[in-house]
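2 protein chains.
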Amino acid sequence: MTDTAEYDVVVLGAGPVGENLADRARAAGLSTAVVESELIGGECSYWACMPSKALLRPVIARADARRVPGLSGSVQGPLDVPAVLAHRDYYVSNWKDDGQVDWLKSIGVDIYRGQGRIEGPKRITVEGPAGERHTLTARHAVAVCTGSRAVVPDLPGLAGANPWTSRDATSAKHVPGRLVIVGGGVVGVEMATAWQAFGSRVTVLVRGKGLLPRMEPFAGELVAEALTDAGATVRTGASVASVERADGSGPVTVVLQGGERIEADEVLFATGRAPRTDDIGLDTVGLKPGSWLTVDETCRVEGSDWLYGVGDVNHRALMTHEGKYQARIAGAAIAARAHGDPLDTARWGAHSATADHAAVPQVVFTDPEAAAVGLSLAEAEAAGHRVRAVDYDLASVAGSGLYADGYRGRARMIVDLDREILLGATFVGPGVGELLHSATVAVAGEVPVDRLWHAVPAYPTISEVWLRLLETYRG
Amino acid sequence: MTDTAEYDVVVLGAGPVGENLADRARAAGLSTAVVESELIGGECSYWACMPSKALLRPVIARADARRVPGLSGSVQGPLDVPAVLAHRDYYVSNWKDDGQVDWLKSIGVDIYRGQGRIEGPKRITVEGPAGERHTLTARHAVAVCTGSRAVVPDLPGLAGANPWTSRDATSAKHVPGRLVIVGGGVVGVEMATAWQAFGSRVTVLVRGKGLLPRMEPFAGELVAEALTDAGATVRTGASVASVERADGSGPVTVVLQGGERIEADEVLFATGRAPRTDDIGLDTVGLKPGSWLTVDETCRVEGSDWLYGVGDVNHRALMTHEGKYQARIAGAAIAARAHGDPLDTARWGAHSATADHAAVPQVVFTDPEAAAVGLSLAEAEAAGHRVRAVDYDLASVAGSGLYADGYRGRARMIVDLDREILLGATFVGPGVGELLHSATVAVAGEVPVDRLWHAVPAYPTISEVWLRLLETYRG
Chain A
1 MTDTAEYDVV VLGAGPVGEN LADRARAAGL STAVVESELI GGECSYWACM PSKALLRPVI
61 ARADARRVPG LSGSVQGPLD VPAVLAHRDY YVSNWKDDGQ VDWLKSIGVD IYRGQGRIEG
121 PKRITVEGPA GERHTLTARH AVAVCTGSRA VVPDLPGLAG ANPWTSRDAT SAKHVPGRLV
181 IVGGGVVGVE MATAWQAFGS RVTVLVRGKG LLPRMEPFAG ELVAEALTDA GATVRTGASV
241 ASVERADGSG PVTVVLQGGE RIEADEVLFA TGRAPRTDDI GLDTVGLKPG SWLTVDETCR
301 VEGSDWLYGV GDVNHRALMT HEGKYQARIA GAAIAARAHG DPLDTARWGA HSATADHAAV
361 PQVVFTDPEA AAVGLSLAEA EAAGHRVRAV DYDLASVAGS GLYADGYRGR ARMIVDLDRE
421 ILLGATFVGP GVGELLHSAT VAVAGEVPVD RLWHAVPAYP TISEVWLRLL ETYRG
Chain B
1 MTDTAEYDVV VLGAGPVGEN LADRARAAGL STAVVESELI GGECSYWACM PSKALLRPVI
61 ARADARRVPG LSGSVQGPLD VPAVLAHRDY YVSNWKDDGQ VDWLKSIGVD IYRGQGRIEG
121 PKRITVEGPA GERHTLTARH AVAVCTGSRA VVPDLPGLAG ANPWTSRDAT SAKHVPGRLV
181 IVGGGVVGVE MATAWQAFGS RVTVLVRGKG LLPRMEPFAG ELVAEALTDA GATVRTGASV
241 ASVERADGSG PVTVVLQGGE RIEADEVLFA TGRAPRTDDI GLDTVGLKPG SWLTVDETCR
301 VEGSDWLYGV GDVNHRALMT HEGKYQARIA GAAIAARAHG DPLDTARWGA HSATADHAAV
361 PQVVFTDPEA AAVGLSLAEA EAAGHRVRAV DYDLASVAGS GLYADGYRGR ARMIVDLDRE
421 ILLGATFVGP GVGELLHSAT VAVAGEVPVD RLWHAVPAYP TISEVWLRLL ETYRG
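If you read the sequences in order, they're chains A and B.
What the first sequence shows, in the working numbering, is residues 1 to 475, in sequence order.
What the second sequence shows, in the working numbering, is residues 1 to 475, in sequence order.
Simulated from the structure, these hints should not be mistaken for lab results.
Think of the CB as a built atom: it goes at the ideal place given N, C-alpha and C, for glycine as much as any other residue.
Any given hint might turn out to be false.
Claimed, not checked - Residues from chain B that face chain A, not an exhaustive set, calculated with beta carbons under 8 Å:
id, residue
1, R57
2, G70
3, L79
4, V81
5, T320
6, H321
7, Y325
8, T354
9, P361
10, S438
11, A444
12, G445
13, H454
14, A455
What the hints assert, rightly or not - Here are the simulated SDA-like cross-link-like pairs (lysine to any residue), alpha carbons at most 20 Å apart as the crow flies:
id, chain 1, residue 1, chain 2, residue 2
15, B, K96, A, A398
16, A, K288, A, Q115
17, B, K209, B, A378
18, A, K96, B, A398
19, B, K96, A, G401
20, B, K105, B, R26
21, A, K96, B, G401
Chain A with its partners taken away, still in its complex shape (with noise of 0.2 Å):
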């Protein structure tokens, strides 16, 4: 039996991003439906962000108060993980969406359950779990937000292995005794750091020359040297040429490129994502099942006037609050369009997620703490900007000695020397996490540098690095 509904939005997914999505589309009078196959929430609040800060957060609360006198004496010993564990499971609800069901219905969202796929223009069909039927049509907006996957490189053996994706690294209810971590990326740096406090000895595997690959260098060069003070391995230009594992169970061993084989109690894949769109009906509208979507600045799809791609799927950008900022403008754009209200497209206008390109924030909660904006200095000469980075060293700032005994961190910010503005900051080191807003705002803002001069930093905070940048600049 099929039941058959109209709404003026459709959002294919609940995650973060389906869920603002719907949010301001309800926000601006519009009848939405979302479309949900697992948990309502999406990956991150379930399998990434929520769980890895919950199980992040006391391994570097630890790490900051080993680092003050007076205080240093009390915290060498282990963290009680089991508490650790707990409290993760109760940050992602024990894995239950009761919660994010009850605000999507409170703001008049209709849910439903099953697999959604495009079934021709405007229209999708729902199979429930119990292979109940829904056709819903949507008379303004599609909008794709299925996110992403993690991905497994196709190695000999590797199927069988039963390897670790995000999703069980962020979930295990044990810790392994030895652990191998494959990709130096977020997930691989924050698993590792988080893993090696709980007591496994962990081995990070890297294909390249080092960690963080999309950041300045030297932030994973500190959060290299410091997993290995932390006690674990990290190797460089490590690649994997296959993985035994009996029976899926028990020890794996993983095989490198040379022959080399280290063995461990899990593995962890770090590799990559996939968009999650092989399965939603891309083929009835002319596009590739499992493609990336390829979007405007207001994330509707080239060559439609009615779907939309959000969040990790269109690939811009994968970061939970990227993909939620993304939502807000594709809402604000559809909502425009239902309305027949004037489009402000322009750089930074209202229907213009301009931040995609210019200054996506990130912060990596390792120890030290990896936070960058916008471009990097090989990203902005290979925009073709003529910039300068400044560096400064964190150690050398009073704010951060008083943070911590041996401070060690860095800063770097990408100065556009023709406009005078940042272009980018990157910041490493303890405490530095909420340190980045301020690069945000300037990089965002186009705030000139002489007007930077006058936001003066509190005394003594880490945030004086802004002066001592400002001044090595200015020379």
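Based on these hints, arrange chain B on the given structure of chain A.
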């Protein structure tokens, strides 16, 4: 015997402000001398910012650790107070200034030890500790950077009671069993936080309605709540009538208006500051000894073409970082005038300390931290701005809850409804100290609210309160 010397610039007072002004002058190629009667490095280095933050950091780190699952159990015990005090001693270089002397010498600044006094236009005499005398002539400018000192009220019995002032509270080598603190400003609440954590039973007495009266009211309320939870007593509407202490040692009794008597082992008066201008020869140039200096936007004394008042002495904003800012601006103005270069004294110009009026940041290192920049609601309304205060409960931000279990905090931004920019912002809660600079950049940068919408906070940080504030404002 008197020797004489001539410089481009003579600086009275070598605290951070004088040091920075000398640095700027030297950077502009001007010959420069500083005159200092105490330690090179000033109040901040030995009796204010540095020791207070060295005392407070372990207190805050312990409070943070106590709010983290898996770690809280190990940090329930007392701090190792001797270790904290020893670290404080290290941070003030055991009240020795060799390091700062070496730095000033390294940049080519001459140092004169002793009391400096103006003796007519551009002329300074220095009376050294052994009676030696120097007469210095300043070709271009004399900068008074002598700062301020704690003042205690003229109460019966107080003079003979050896009360603590901020210097004693930051340099004490023993923990008083009972400590009464008179005054609920920054010094009062910071020292209450520190000494209560070190084992004193602290009573804070404030005449007015609450703590931190210059900030938004909720700042003082949250800090009072936390001090009370920590075991301290906070009493508002409590005026001290007299103080009794036999022989100036042993227990001290604070007598309130109304007759109530409170006994303690020490009493700290944190009741305000006075300019250190009483013995610097102001009368020789027609100014009143002991007065605050009235200066223009370049920090030049009104009516003079050679005398500057920089830092606390001008009463614009009594904070180290703001004094250093003024030193940068005044130093640039002195250099421009000396070289005959044009000045830019327009609002936010290179030679205008505009931030003193519009964007003074302050972080109070209590638990919770209280951080504010720009105008409070009351200040904005008093100044005639058409504003809206936008509030948000920091406990409702995902990053806050992850930072600390049971997070309590609040944020407010003040929007100028005519210009759609921020005039001020306040954050109170654990971990907000480094978050403040984002608001300082927004306020000093006059970044429009519509652009702040594109300044995406990284998820899940406390900084996401920015999104919530902006959403609340947009309704």
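Going through the hints against the structure:
1. R57: Where the cut-off is 8 Å and the nearest Cβ of chain A is about 5 Å from R57 (chain B), the hint holds.
2. G70: This interface hint holds because 4 Å falls under the 8 Å limit.
3. L79: Nearest chain A Cβ about 4 Å off; hint holds.
4. V81: holds (7 Å)
5. T320: holds (5 Å)
6. H321: Where the cut-off is 8 Å and the nearest Cβ of chain A is about 4 Å from H321 (chain B), the hint holds.
7. Y325: holds (5 Å)
8. T354: holds (6 Å)
9. P361: holds (4 Å)
10. S438: Constraint on S438 (chain B) satisfied, holds at 4 Å.
11. A444: holds (4 Å)
12. G445: The hint holds - G445 (chain B) has a Cβ within 8 Å of chain A, the shortest such distance being about 4 Å.
13. H454: holds (5 Å)
14. A455: holds (4 Å)
15. B:K96 / A:A398: With Cα atoms ~17 Å apart, K96 (chain B) and A398 (chain A) stay inside 20 Å; holds.
16. A:K288 / A:Q115: The hint holds at about 18 Å.
17. B:K209 / B:A378: This hinted pair holds, its Cα atoms lying about 15 Å apart.
18. A:K96 / B:A398: Answer holds: K96 (chain A) to A398 (chain B) is near 17 Å, not above 20 Å.
19. B:K96 / A:G401: Distance ~19 Å between K96 (chain B) and G401 (chain A) Cα, so the pair holds.
20. B:K105 / B:R26: Judged against 20 Å, a Cα distance of about 11 Å means the pair holds.
21. A:K96 / B:G401: Roughly 19 Å separates the two Cα atoms, so the pair holds.
Checked against the numbered hints given earlier, the structure satisfies every one of them.
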